[in-house]
Structure formats: structure tokens, C-alpha cells
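Asker: The chain contents come next:
2 protein chains.
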Amino acid sequence: MKMTALAGGVGAARLLSGLAGLLSPGELTVIVNTGDDFRYLGLYICPDLDTVVYTLAGVADPKTGWGIRADTLHCLKRLSDLQCETWFRLGDRDLATHIFRTHRLRCGDSLTGVTRMICLRSGIQVAVLPMTDSEVPTLVHTDEETLEFQDYFVRRQCAPHVRGFQYLGIETACPAPGVLDAILNADAVVLCPSNPYVSIGPILAVPGIRDALRATRAVVLAVSPIVAGKALKGPAAAMMRQLGEQSCATTVARLYRDFLDIFVLDRRDESLVGPVRSLGLTVHAVETVMDSPSARLALAGSLLRMLP
Amino acid sequence: MKMTALAGGVGAARLLSGLAGLLSPGELTVIVNTGDDFRYLGLYICPDLDTVVYTLAGVADPKTGWGIRADTLHCLKRLSDLQCETWFRLGDRDLATHIFRTHRLRCGDSLTGVTRMICLRSGIQVAVLPMTDSEVPTLVHTDEETLEFQDYFVRRQCAPHVRGFQYLGIETACPAPGVLDAILNADAVVLCPSNPYVSIGPILAVPGIRDALRATRAVVLAVSPIVAGKALKGPAAAMMRQLGEQSCATTVARLYRDFLDIFVLDRRDESLVGPVRSLGLTVHAVETVMDSPSARLALAGSLLRMLP
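Residue numbers (numbering that gives the first Met the number 0), protein chains in the order written: chain U, 0 to 307; chain A, 0 to 307.
These are computed hints drawn from the structure, not numbers from a lab.
Heads up, some of the hints might be wrong.
[Unchecked claim] Here are the simulated distance ranges between beta carbons:
| no. | chain 1 | residue 1 | chain 2 | residue 2 | range |
| --- | --- | --- | --- | --- | --- |
| 1 | U | 88 | A | 216 | 50 to 58 Å |
| 2 | A | 64 | U | 303 | 58 to 66 Å |
| 3 | A | 153 | U | 84 | 31 to 39 Å |
[Stated by the list, open to error] Each computed BS3-like pair below joins lysine-lysine, with the alpha-carbon atoms no more than 27 Å apart:
| no. | chain 1 | residue 1 | chain 2 | residue 2 |
| --- | --- | --- | --- | --- |
| 4 | U | 62 | A | 76 |
| 5 | U | 232 | U | 62 |
| 6 | A | 76 | U | 76 |
| 7 | A | 76 | A | 62 |
Using N, Cα and C, we set each Cβ at its ideal position, and we do this for glycine too.
Given these sequences and hints, build the entire structure.
Answerer: This is the structure we're talking about:
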């Protein structure tokens with residue numbers, strides 16, 4: 000059984016920890032969004048990669064889902080004293096990852112290589128791949144200004160109304176080594192319950208990845224990040240409305256229909272099974288809210304049982 | 000009254016805090032050794048500058064004399080988990096300085112400019128200048144190998160026997176802006192009780208600085224870092240012996256005699272007053288051991304009273 004997952008941040012990481020609990024080492028590969036990577040005081044920060052790695056390593060902060068459990072903010076406090084912007088919360092332990100990654104990248108390692116080192120040294124047996132080794136910052140066009148993603152998401156707290164997205168430089172980016180293989184040679188590909196515009200969207204926009212999803216013989220599943228019209232976390236539902244779409248699971252399914260086999264929506268959205276099925280997809284309604292470790296395992300188990 | 004001090008790390012910083020306590024804002028300028036600056040995981044670290052700044056800001060660790068009081072090591076611990084070398088103790092609060100400085104240097108600021116920013120934002124009114132904006136790493140030639148200074152000092156704990164020193168690139172380095180002025184236009188210049196080879200030596204080796212000390216009309220004083228044949232801190236005395244010199248205050252005085260007016264040695268070395276006087280210097284024997292804040296003020300007061 001070879002499974003490959005496409006992942007954003009917190010929601011994805013929760014499902015991945017469930018899948019990692021049920022699959023054997025070597026069975027799971029994760030392709031992670033890097034569109035919201037950014038630089039802070041020269042440090043190269045990859046929020047989604049770190050969330051996935053910390054969660055799989057069992058050190059993620061259980062409350063927020065991101066950052067490291069019980070981390071302190073001593074360095075950030077002093078950076079604030081030095082009059083640096085500190086709207087992005089960087090814990091002291093978390094900083095080690097950014098210092099290490101930034102240094103290795105400057106030494107010429109690829110993001111793929113650095114991520115592999117971090118995983119190995121964190122005791123993670125899941126293969127975690129960035130979607131690309133190129134820098135492809137997601138820009139959010141809003142009614143006020145165009146913002147880099149973290150600027151929109153953290154500093155502006157998603158306040159401006161979204162008009163569209165741009166994955167800067169994506170046309171010339173290549174999938175990271177192993178990414179296309181992982182899609183083409185999987186038995187199943189899962190799109191985690193992540194934001195379709197700013198988490199899964201950038202991954203699908205890397206040249207070759209969407210084609211690989213269309214071409215693979217793997218069963219391709221997606222789990223809706225929208226439950227009862229709302230995003231469990233983050234701005235996905237608000238973005239849909241601001242873009243003139245309905246904020247519902249059907250909107251997500253429509254975005255993936257060209258390569259999707261199975262759409263998994265929440266049992267609270269049973270009424271959408273018909274509409275999604277009419278897109279030509281197999282639909283399952285299950286419990287998708289992962290509010291406990293056992294709920295993560297339960298959803299992972301549900302997905303595995305949907306496979307032939 | 001304009002006073003300029005030449006400074007290494009901990010010993011210098013203690014005297015400087017005494018002087019800063021007695022002089023008015025604007026009266027004291029410090030020129031700091033940067034020969035032991037080094038890079039760690041891409042971070043640009045200036046141990047002597049930081050020790051001086053932390054001490055003057057009142058945040059230095061009172062036990063070690065370096066680093067920030069009550070700092071934690073969470074980031075370093077995780078860097079160790081990531082299999083990075085961690086022989087240089089970097090506290091979480093301390094790291095903020097290195098991250099900030101490294102970033103500003105990469106943005107094109109000079110070390111002088113960054114140091115000024117750090118001082119301003121730390122509430123320090125003393126002018127703190129690096130000796131140069133160029134990188135001039137001190138190399139320690141030993142009986143085993145040639146080591147960068149921190150490698151010799153921290154990682155190897157001064158174990159190899161010293162054969163000589165090299166201030167790499169010093170021939171083409173320039174004094175930092177303000178340095179020559181501060182020497183030429185001072186009423187008094189004080190060489191702090193710092194290691195003559197690896198703290199004061201690099202400063203004197205920057206082209207133009209020794210000439211300025213010879214040319215200035217300021218009274219030039221030096222405080223011996225050797226008391227009763229021993230260095231109060233660090234390897235100065237051992238270095239002297241390994242280089243075939245006597246480990247005593249007289250050896251220090253001899254290194255500075257071409258530009259020195261007054262040599263200050265410890266009252267425990269009263270017997271050396273004659274030998275040092277015969278070098279053509281005015282000599283004072285006072286209490287130089289700064290084992291308390293009041294002792295710092297007392298030594299500073301002694302020095303000020305020696306001035307005409």
C-alpha cells in the first residue's frame with residue numbers, strides 16, 4: 000500500500016498523524032505546500048512543512064496545532080525590544096528549525112534535502128516533501144492591497160477582502176524530486192482537508208502536478224475542509240464567499256473534479272452528497288472533525304476503508 | 000572630559016560599567032575588539048561587542064559576565080537535537096541580537112551602524128564602536144593546529160599550546176568610522192584590562208590605530224589584566240608563558256610602551272612598580288580586582304584621579 004497526501008498546515012497535519020498511525024513506515028509520502036513560506040529577519044520559514052513535521056514528530060502544540068509544545072518566546076520578546084516586527088509568533092525551540100534550515104539552504108542544500116534532514120533528526124519515518132524547491136510565494140490580491148500570504152493571514156488577520164490569488168513564479172517552478180513519482184506510483188492519493196486556494200491550490204499549480212494527478216492510476220480522494228458551510232480553521236469559507244462562490248463542500252469538489260475519484264464530506268453535509276455525486280464523483284459522508292487523537296485515527300481509518 | 004576605551008570582553012566590560020557610572024553621557028566612547036567574531040549556523044556573532052553592550056545595558060549575566068541574565072537555552076537544545084554543534088552557549092534572548100545583527104548586515108548595514116542601533120534600542124548612552132567594519136578573524140597558531148579564536152577558546156578550552164597569533168586580513172582593514180577621531184580627540188584613552196594578544200592586540204593591529212595612539216595628545220593609560228602573575232579570567236597568563244614570556248604585568252606594559260603614558264597595575268604587584276617605571280612609564284598600583292559593582296566604580300574612580 001503506497002499512499003501520498005497533499006497537505007497544507009494544521010488540518011492536514013492532524014489527518015496525517017492519523018494516517019501515520021495506521022500505515023507502516025515507508026507507506027506514506029506527504030507533499031506539502033510551500034506557497035506560504037516567507038522570510039523573517041533573514042530566516043527562511045516554512046509554516047506548513049513545520050506544522051506537518053512537528054505534528055508527525057509528536058511535538059506540535061496541541062492547542063494551536065502549530066509551533067512546538069510548551070515553547071517559550073524569550074527571543075521574540077527581545078527582538079521586540081530591538082524594535083523588530085514580531086507579529087509572527089516564533090517560539091525559541093521553533094527558531095532552531097528556521098536557523099538550521101536557513102543555514103543549510105545558504106550552504107547550498109535544497110529545501111527537499113534540508114526537510115529530509117529535519118525529518119530524520121526528528122525521528123519521522125514518513126517521507127515529507129516540499130511541493131517544489133523553488134520559492135513561489137502566494138500573493139493575496141485584496142480590495143486594499145496585494146499581500147504576501149503570512150502578511151494577509153497573520154499580520155492582517157485575514158481582514159481585507161480577497162479578490163484573487165497569484166502563485167508568484169510558479170510557471171517556472173519544478174516539482175521537488177520525488178513528488179511526481181509519489182503521485183504516479185501511489186495506490187492512493189489523498190488531498191487533506193486544507194484550504195483549496197492557499198494550501199492545495201499552490202501544490203496543484205506547480206507545473207506537472209495536476210497532470211500527474213490526472214494521469215495516475217492511484218485512487219484520488221479529497222477530504223472537504225468545509226463543514227456545514229464553515230472552515231474548521233482558517234479563512235477558506237470566507238475566501239469562497241469573497242470570490243463569489245458558495246462556501247460549501249460542493250465548491251471544493253468542483254475545484255478538484257478533473258482528477259478526483261472520491262470526495263469525502265462531513266456527515267453534517269449529508270445533503271450535499273447528491274450535488275457532489277452529480278459532478279461524477281464517488282461521495283462518502285463521514286465524521287471528518289478531528290477534535291481528538293482518536294478522531295484523527297478514525298478519519299484515517301474511514302479513508303483507508305474507502306480504497307478498493 | 001572625553002574618554003575613549005579600548006575593550007575586549009568581560010574584564011573590559013566591568014571597568015566600562017564603572018566608568019559609565021562616573022562619566023556623563025557623551026563623555027565615554029568604547030572601541031571594541033572584533034577579532035573573535037565568528038559565524039555559527041550563518042549567524043554573525045560578536046562576543047566582545049555583545050558583552051560590552053549587555054553589561055552597559057545592565058542585562059549581562061552577573062555570574063559569567065557574558066550572555067544575558069537568566070537566559071534560557073531552549074533553541075540551542077533543539078539545535079543539538081538537530082545534530083548541530085552546540086559548544087558555543089547561545090541563550091534564547093542572546094540569539095535575538097545575533098539574528099538582528101546578521102539580518103541588518105545582510106541588508107547592507109555596517110557593523111558600526113548595527114551596533115549603534117542595538118545600543119540605542121538597549122538604552123545605552125555610551126558610544127560603542129567596533130574596531131573595524133571588516134572581518135578580521137584572529138587565528139591562534141598552536142602546537143596542534145591553527146584555530147579560529149572561538150574554536151581555540153570555547154571548543155578546545157584553550158588546551159593546545161599557543162605558538163603565535165594572526166589577525167587575518169588586518170593589513171587591508173580600516174578603523175571603523177569614528178575610531179581614529181575618538182582616539183585623537185580624547186582627553187584620555189584607557190586600555191581596559193583585557194588580553195593583550197587576542198583582545199587589545201587585534202585593535203592595535205588595525206592600520207592607523209597604533210599610530211593614532213602614538214600621535215594623540217590624550218593621556219593614554221592601560222590597566223594590567225595580569226594580577227600576581229595570573230589572568231583574572233581567560234588564557235592571557237598561559238599564553239605569555241607559552242610564548243616564552245614571563246606572565247606578569249611588566250610583560251603587558253612592555254607591549255604598550257611605545258604609546259603609553261600611565262600603566263596601572265594591581266596593588267598585589269607593588270614590587271613591579273620599579274621595573275615598569277624603568278620602561279619610562281608612570282606607574283600606579285591600585286586595587287584592580289573588580290569583584291563587585293562598587294569595586295568597578297572604585298577602579299574607575301582611581302583611573303579618573305590619575306588624569307591631570
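Asker: Checking against the hints above, which ones are violated?
Answerer: none
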